[in-house]
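Undergrad: Here's the letter readout for the chains.
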Amino acid sequence: MAKQPGAIVKQDMKQQKPTKTSPPGAGKDVKQTKSMSPDLPDQDGPIWLAFAGGSLALHIVLIAFMIFLPQIVRSKTSNLPYLDITLEALPTVRPGPPGPKDVQPKAEAPKPEPKVEPLPEPKPEPKPKPEPKPEPVVEKEPEKPKEAVKLKPPKQEPIQQPKPAEVSTAPPKAPDEIPVLTSLKKRTYKVDVAKEKALREIKEKVETGRPNTVEQALKRFRENPGERPEQVSATAGGGGGRPTLDRMGMLRNSYIQEVGALVEMNWAMPESYAGSNLEARIWFTIHSDGNITNVGFEKRSGDKFFDDSVERAVKKSIPTKPFPAELDKEPFEMVVKFTPPKD
Amino acid sequence: MSKTFIRTACTCFLFLLSMSLLAGSAAAARYEYWINNPFLRKIPIAIPDFLPQTVNEEPRQAAVQAREWLISGLEFVRYFKILPPESYIISDGESLTAQTINFTNWTSIGADHLITGGLDLRGNVLEMELRLFDVPRNRLIVGKRYKGQVEDMRKMIRRFCVEIVSALTDSKGVFGTKIAFVSNGPGNKEIFACEYDGFDPQQLTSGSKIALSPAWSGDGTHMAYVSYADGTPQIFVRNLEQKSGIKIAYKGMNVTPAWDPTRFSLAATLSLNGDQEIYSLTGNGKIIKKLTNNWGIDVSPSYSPDGKQMAFVSNRSGNPQIYIMEMDTGEVRRVTFTGKYNSGPSFSPKGDRIAYAGMDDGTFDIYTVRTDGTDVQQLTNDPGDDESPSWSPDGTLIAFSTTREGKPRIYVMTSHGTDQNRLLLLDGGQTQPAWSPWLGDY
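Residue numbers (this note's numbering), protein chains in the order written: chain A, 86 to 428; chain B, 6 to 447.
Check each hint, because a few of them may be wrong.
Claimed, not checked - Capping the alpha-carbon separation at 25 Å, the derived lysine to any residue pairs in SDA-like fashion look like this: (1) A:LYS422 x B:ILE94; (2) A:LYS406 x B:ILE94; (3) B:LYS355 x A:TYR358.
It should be emphasised that the hints constitute simulated quantities derived from the structure, not laboratory data.
The structure presented is a predicted model; accordingly, all values stated were derived computationally and were not measured.
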């Protein structure tokens, strides 16, 4: 990018120098204009036009580049730096190059110590390990003291015997007995409602299968339009948008509402992000058959969990509903902005 | 020359113009949509039954147990929703690896993630493979194989939970932490500690007569607590690894110890001259400085994560309220202005909020407030007393004690007040939970 403007500026300079000097033409700039001066008087206008035109065109091309460039660059950014730890001797290996950082530390944690410690296993050598197997069995007793370092020793015993008892009592597994309090004032009240709804919807989804989700989303949206007062669907673009909303525009807008509602339904965001001021923008191309391609971030929030959750929301929405019959079949781009709710 | 030049320029111009027009029209077809209300507030995860590699009974039982522990571990953090197994659509031949998994089916039931597990048990040696998949993106996120004795199964599960949380979030989560608390189960109050989820409670002290106010040092190696073993309240600082310790026994009372998370030093309330004031002390009990100097009672210090601020309770305004002191300047400002009685402040690990117990209507409830005193949120509201909030080190959860069941119990909830569940059930009553920092792969 940086080079292009520079190049263009240089060209402009070259072109403009002569044009500037020519109008005053007469006296002082004689030296420079000498060679040109015979031609200049007659063709002053046209040449100026030609240069200006060329310059204008170059600028327009530059702008076009600026508009297009993000799209080209985007394809790169859509490759998330994802953890791709593969197990030894397992054919799950993904071609995905990202995530080398994580691979190393994990690989280094070797298991060779015959300890019982279930260290994460290194991928490369699967077979050598089976041999140490018998050792741990024998070392059963001595090992406990080893782990004693951190309050361990007493711990091991209870694990064996009172296991069943502990399991039933210790963890907060018995939420059934304890009514979860819903009277948590305004903020948490909403959350509970939302959660109930979410569960209900999941059940429905499961029952009815996927095809209906768009209709459900749309229905929900129609029934409770006030639920999302801040929602905005706007046409925007590098070209300045469209002056009037023709029928095609309206069709497309309502289709976009449906897609947006589906993505929203598929968006699972941990409660703890509520109230934070994160923002992520994802863009993608929608095709007439409902397929979505070129999913990529226009803006990341910087929080990995949040960013992943919004990307998954889009990916889970593929394929979305096909275009309505009357809508222009031309694929178009859509940008979805995700922000956490205020509470 | 000039004419050809003009012609070239014009052609060039027309060409470029048409190009740019094309570009312009393409760029215009771009539509925005804003979503600010996620439909689900937890991440949906599917965890189908673990597959025993051999058909014997023991591996089968182990597989059931391992899956149960994994589920309870993930449910504990309260941002995962385990999808009900009845909804799972499992294709023939689907096993542990990505090749065999039909991701479309998992997407259709709304799963963001899928965890598969397989294990083999031979004699006493357990081998377990666990994998976490990103369902919409059809890819493996993290996979691990563990081998050890069967008694270590829970540890394997816990380690994989750490893998999951660190792969998905920027934090290590709570799986490598413990919670200390006071229990009078032994007949008198003693300090206990259990794993993050209430598993395996262990008694840490004995012969204290009364033991109170457990506090973990910033690195988790030491615990300070108050003991009445010698009659008057004294602060014991104990090295948890070496089981050694020292006593802080100044004249009068020595209570409410709190560690500076950034160094081996603590703040505590002493009554050297009769008046209760907060002092800063070395980890070995030497007085560094008198921090408060006020006619009223100043107690219950809690440091900010950077050690630069300290919240505490003072009744200098007539009734107990929360204040914050800037450690550099000693400047003090009041944080709570609502309620007649506010106590037990606890700085959040992010340093942006303070949790405390406040009484307005006759019982204590847990509140949080921004450090500038704005945005008070009431997290609990029940007939019992909810007190002693303590944040998990990742800031997502808060442990507290409550009398909602009658006897005091330790409960855990999210930092937004949702999902309030009992941590553990023990004889007697339990109070004053203190969440440890990350203790490593214990």
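Undergrad: Each of the hints needs a verdict: does it hold here or not?
TA: Going down the list of hints, with the structure as the test:
no.: 1; hint: A:LYS422 x B:ILE94; verdict: violated, 32 Å
no.: 2; hint: A:LYS406 x B:ILE94; verdict: holds, 23 Å
no.: 3; hint: B:LYS355 x A:TYR358; verdict: holds, 13 Å
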